[in-house]
Amino acid sequence: MTTMTKRTVLSTLLLAGFGLLGSAAQAADEPLRIGLIATYSGPYADYGRQFDAGIALYLKEHGGKVGGRTVEIIKKDTAGPAPDAAKRIAQELIVRDKVNVLTGLDFSPNAYAVGAIATQAKIPTIVMNAASSAITTSSPYVARLSFTVQQVTDPMARYMLKEGIKDAYTVVADYASGVDAETAFKKTFTAGGGKVSGEVRTPMNNPDFSAYVQRIKDAKPQAVFFFFPSGVMPPAFLKVWKERGMEQAGIKLYATGEATDDSYLDATGDVALGLVTSHHYSFAHPSPKNQKFVKDFAADNGAKLRPSYFAVTAYDAMAAIDLTLQKTKGDASGDKFMDALRGLRFESPRGPIEVDPLTRDIVQTVYIRKTERVNGQLVNVEFDKFDRVKDPAKESSN
Amino acid sequence: MGIVIFDGVAYGMLLFLIGVGLSITMGLMNFVNLAHGSFAMVGGYAASVLMNRWGLGFGLSLAAAFVAAALVGAVLEFVFYRRLYRAHPLDQVLLSIGVVFVSMAAFTYFFGPTMQPFTLPPALDGQVALLGLDVGRYRLFLIVCGVAVLAALLLGLGKTRYGAMVRAAVDNQRVAGGTGIHVQRLFFLTFSLGCGLAGLGGALSLGMLGLEPSFPLKYLVYFLMVVCVGGAGTVTGPFIAALLVGIVDVAGKYYLPEAGAFLIYVFMIAMLLVRPNGIVAKKGIA
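Protein chains in written order, with my numbering: chain Y, 15 to 412; chain X, 9 to 294.
Bear in mind the hints are in silico, worked out from the structure with no lab data behind them. Some clues are possibly wrong.
Claimed, not checked - Heads up, simulated DSSO-like pairs for lysine-lysine below, C-alpha to C-alpha not over 27 Å straight-line:
1) Lys266(Y) x Lys256(Y)
2) Lys112(Y) x Lys341(Y)
3) Lys256(Y) x Lys226(X)
4) Lys167(X) x Lys90(Y)
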């Protein structure tokens, strides 16, 4: 027994020694290991698929290298919102797989769980989707390239005020992001002189929206703002909205871009036509950069998989890692990397984006779009925009 | 008030249409078939694919959904289910939950993880005036279907020779077999019928519920609620239970939106306390 222990200790020491040697000798020729924590199975498997496609496209365009280093991606599946699994996976990725950067993180609870690990191990962590405002405050090593729910909600409230709407009703899904949207909307809308005359939170697993929509119809507000996570909820809501003849009743409908997520828009169908939404990315964004992005994306993935805001953020996250490593000359150590990342600015397929130097959160243009049928396809056509929108929840701290 | 009750009834009918097949497989045949939603999903995908990719009519797609789910049910019965009719309920639960996960993975593989597109035929779109209310056409159609299925099942199980044989075989398999009833073949047919009904319900749910591979787990609690509150093994029980659940759910959400979504669970507990064997308890298992 004692010999066993001795041998184990000895081998551990030896291994540790090699490890130290290895890290000392580590140079630009070492591959950059990126741990990708995302959802690849279950109802949200589309998220992981979009991430993969965005990352693959960026690497293909850049010869498989970022910052002069070859890239090795280690993918791990959380199968949906699972903070415990995300935390365990992050630990494994750092300790066993020796990753230099963590990324992915589609669900906010997962991102929060990884924040603490990132701090301990000083591993740069780039959030590709999780949209709860406080995530970047959970660790100095966490930055976000996607968006926050409040960031896209606030411009919608401003746009509605601009349209002369004074009286709105809010409908949100009853979970953290839904409450974020409700809070941000109420704050901006009432500050601009509007009145929120009614609000309702629906359960996440709600098969039939008839009761909620009927209640709104009877309350006769001037307009309704709603937020649901992308997937089955928005179409179910829109179906009932159309069936009840709400448009004929003169009630206007607004939402954030999750309601007309490019991944689900085809399946949502004509009930989405004419809906005005606010979001940071539309597949139909007219810039040349995006047109090229969409074309290359289709060449790699076929016309059936449309790049959604998940794919764009994955593409941008790779670009951010690339640009940051170019600044640090390939050094991915926590503090150097984060310093170089702060204030980074570049052109994304969604438009100009930058990483706020103070909050490490994204600053970007938020577009107001309308769902239209163009060349037989349902798309979000942008017609108005709000430039350089920061996350309003952190605006006071800036 | 009127429209709230109407919506509740229509929603209840949908629950009945999806759940009644489970009452047959679980109640009549004493098989704890938690994979019921998988058969509903088979029907839903069949109808959606036939309508959207092959341009088949809505009515024909519904019939095809029934057939597709019944066929899948028949195959699974032949391969797996028939081995476990007399097994412990826990074994049945394990098998059927396994079927749920396999079906979810299989549908993700073939159809992708995202939602299936579906558009109602124009005749079922929008609203129509009825007794001074603006009611949804599709919801009205669901009510008609629900009543039709109820009538067909009551007649089929209560008045026909087939129904009498099923009831006899369920009550006592050995004696039924002794009188010349081919019990295994009978169960095979009945199981397929229950699965077919699930498929029909799944196809009819397309206008209201979204269809994606997580369907069988997502709505499992609703099927179980309707069958357990109503009384497994009966047809009128789930019908009444579905109506009550539908009305309580819609009315709760309308009048008390803060608490509304939980009222059906309160209702379920109250009903099970008052009538543990269901609203209409099956004779013989008091």
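Quick rundown of the hints versus the structure:
1. At roughly 12 Å between alpha-carbon atoms, Lys266(Y) and Lys256(Y) fall within 27 Å of each other, so this suggested pair holds.
2. With a C-alpha separation of about 22 Å, the suggested pairing of Lys112(Y) with Lys341(Y) holds against the 27 Å cut-off.
3. Taking the CA atoms of Lys256(Y) and Lys226(X), the gap is near 25 Å; set against the 27 Å cutoff, the hint holds.
4. Taking the CA atoms of Lys167(X) and Lys90(Y), the gap is near 58 Å; set against the 27 Å cutoff, the hint is violated.
In summary, the structure is inconsistent with hint 4 from the numbered list given earlier, while agreeing with all the others.
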